[in-house]
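Whole structure, please, built from the sequences with the hints as guidance.
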Amino acid sequence: MMKQETVEVNAGYLIILTLIAISIGGLVEIVPLFYVEGTIEEVKTADGKDAVRPYTPLEQLGRDLYTKEGCYTCHSQMIRPFRDEALRFGHYSLAAESQYDHPFQWGSMRRGPDLARVGGKYSSAWQAKHLNDPRDVVPESIMPGYPWLRSNDLDYSDIVAKMTTLRKVGVPYSDDDAGYQANVEKFGEKVAKTLDINKAEDNIMLQAKKGNYDGDPSRLTEMDALIAYLQVLGTMVDFNQYDEKYFIDFR
Amino acid sequence: MSKVYKDPITGVETTGHVWDDTLMEFNNPLPMWWIWTFYATVIFAIVYWVIYPSWPSGLVEKGYFIGTSEITYQNTDKKGTTTAQTTHWNTRALLAYEMQNDENELKRKKYLKEVAAMSYDDIAKDSDKSSFVRSYGKGIFGDYCAACHQTGGQGVIGHYPNLVDDAWLWGGSAAEIQKTISDGRKGNMPSFAKTLSDTEITNVANFVLSLSGTEHDVASAKEGKLIFNGKGGCMACHTPAGTGLAALGSANLTDKIWTQADVPHAKDKVAVVSAVVKSGIQREMPTWKTRLSEDEIKVLVAYVKLLSAE
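Respectively, the protein sequence lines represent chains A and B. If you count the first sequence from 1, position 148 lands on 148 in this note's numbering, and the numbers rise without skipping. This note's numbering runs 251 ahead of the 1-based position in the second sequence.
Keep in mind that the hints were calculated from the coordinates and are not lab data. Misleading hints may appear alongside valid ones.
[Unchecked claim] Here are the simulated EDC-like cross-link-like pairs (lysine to aspartate or glutamate), alpha carbons at most 20 Å apart as the crow flies:
| hint | chain 1 | residue 1 | chain 2 | residue 2 |
| --- | --- | --- | --- | --- |
| 1 | B | K360 | A | D84 |
| 2 | B | K529 | A | D216 |
| 3 | B | K329 | A | E42 |
| 4 | B | K358 | A | D84 |
| 5 | B | K254 | A | E5 |
| 6 | A | K210 | B | E535 |
| 7 | B | K329 | A | D47 |
| 8 | B | K358 | A | E85 |
| 9 | B | K540 | A | D238 |
| 10 | B | K330 | A | D249 |
[To be verified] Per the computed footprint, the stretches of chain B lying under chain A, defined by three or more beta-carbons under 8 Å from a beta-carbon of chain A, are:
| hint | stretch |
| --- | --- |
| 11 | 327 to 334 |
| 12 | 347 to 358 |
| 13 | 394 to 408 |
| 14 | 535 to 544 |
Heads up, the beta-carbon is just placed ideally off N, CA and C, and yes, glycines get one too.
Take a look at the structure:
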C-alpha cells in the first residue's frame, strides 16, 4: 500500500492525485447544471409570451444599487415552499423568476422581511419615505435610512456596457434588429422595446418620467431606480394561470 | 524511500528536517482515535449525501426514509376539476399536501369560510368569530396595512389616514371599506400654487379653519369664502358647505379631524393649511384584490370595523 509520505515527496503523484480530488468536487457541482433546463418552469402570459422578462435598464440600475447598498445582507428574495411563508409572502419563488438575475439575490439572511414579492405591495411614495428613514413609517423598524438615494443623481453613463455584459452571460438584451425581432417573438413588442440596448438611455428617462417613483419628476435620482426595481419584484408571473400540479411536476 | 532519521535521545523517527542546529520534528503516526473519527466523518458525509438527498439514488422517492414517501395531494385544475395526484416526495408537493391537510390550516380555512358567510353585524356579535377576526386580522393588517396606517391603525398625519377615528374620506360603511381595500384609491387634490396668489391662499386657509370653528382671521376668511366658492373651485369637491364627498374622497373640512395638515399641533395654523392648498395632495392606496383573497379582505374589513368601533 502506498504511504502518505510517498505522495508528499513525489511531485508527479501529488499533482495527479490532487487533480482527481479536485475534479470530484468540481463535477458534483457542475454535473447537476447539465439538467438545469428541466428545473426552470415555463411560465407564460395570457397571450403566450414569456412571463418573466429581463429587467428594464432603469430596473437593472436599481438592482445594481440594491447590491451596492447591501440590501441582500438583511433581505432575502426566496420564498420557500412552507405554509407560514405562503401565508405571509405569497406563492413560493420559482426558478424561472430569477433566471435573468446575475447573480440571483436569493440570500439566506432575514433580518428584514423577504422581498421576493414586494413589488406593488406598497406605493412608491411609501417606498421613498421608508427608504429615506424607515422610522417615519414603521416606528419599530431597525432598518437604517438611505437618505442619499434621494439626493444622488442616478449615474447611468455605463448602462450600455452593463447591458452588453449581461448579454454575454445570457440575458437577451438586443443590440441589432435580429435580436430585437427575436425579443418581440419571445416577450412581445412592448417588452422588446425596453430590452433594446441602443435605446437604453431613452428608456430610462421614459420609465422614470412615467413612474415618478421618488415623487420628484424634475430629477432622476438613485431613489427612482431602486424603487422601480423593488416595484417589479415578484410581479411578473400570474399565478392564477397555473394549478398546483404544473409547478410540482418540475420537481 | 529516503533515509530514515531518528532522534538520538528518544530513538523516535523524525522528518529529517533540522532547524537551529538541534530542533527536529517527530514523525509519529496519527493517534488511532483521530484516524477513526476521520473515517467516521467520511462515512457520515456519504450517508448524509444520499439521504439529504443530493444524490438521485431513488431511495428517497421510494420512501425508504422516514417522512419521504410518496405524496398524494388534491389538484384543482383551471377548469375546476379536482383530482388526486400522487408524486414522488418533494417540498412543493408537501406544501400542497399541508395546505390541504394540516390541522391548523384546516382550522384557519374553516373559520375563514364561516366568517366570510356571516354579516358584519353577526361577526361583531359572535365572540368566537370576532376573536378570530381580531387575531387573524391583526396578522394580515400587520403585514399589509400597518406599513402605512401603523400598527394600531392611527395613520400618519400628512400621509396616511387614521382608521380608528370616525372620519372616513371614502366612506366608513363595510361595503365602502371593502371597495377601498379591494380596488385601492387614488386621492388627488390639485396644487393651487399657480392658480391662486399667496394672499388668496392665505384667505382660503382662514376660511377652511373657520369651517371647523378653529381660530382664524375673520376678515381674511370672508375673502377666502369667495375664492372657495369661486375662483379656487374648492366647493366642487369639498361641497359648498365643506363637508366633502365620499365618492371623491374629498375631506370633510367642518369636523375637527385633520389628516393632511397637522392643525392641532401647529403654531401657525394658517401656514400649515396654506401649505396643503399650495402643494396639493397626491395619495394612493394600493389595490389588494390581487394579493388577498375575498375572504381575507372580508376579515380585514371586519378587523378595521372593530378597530374603529373601539
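Hints, one by one, checked against the model:
{"no.": "1", "hint": "K360(B) / D84(A)", "verdict": "holds (14 Å)"}
{"no.": "2", "hint": "K529(B) / D216(A)", "verdict": "holds (16 Å)"}
{"no.": "3", "hint": "K329(B) / E42(A)", "verdict": "holds (17 Å)"}
{"no.": "4", "hint": "K358(B) / D84(A)", "verdict": "holds (14 Å)"}
{"no.": "5", "hint": "K254(B) / E5(A)", "verdict": "holds (13 Å)"}
{"no.": "6", "hint": "K210(A) / E535(B)", "verdict": "holds (16 Å)"}
{"no.": "7", "hint": "K329(B) / D47(A)", "verdict": "holds (16 Å)"}
{"no.": "8", "hint": "K358(B) / E85(A)", "verdict": "holds (18 Å)"}
{"no.": "9", "hint": "K540(B) / D238(A)", "verdict": "holds (13 Å)"}
{"no.": "10", "hint": "K330(B) / D249(A)", "verdict": "holds (18 Å)"}
{"no.": "11", "hint": "327 to 334", "verdict": "holds (count 3)"}
{"no.": "12", "hint": "347 to 358", "verdict": "holds (count 5)"}
{"no.": "13", "hint": "394 to 408", "verdict": "holds (count 8)"}
{"no.": "14", "hint": "535 to 544", "verdict": "holds (count 5)"}
The earlier numbered hints are all upheld by this structure, with none contradicted.
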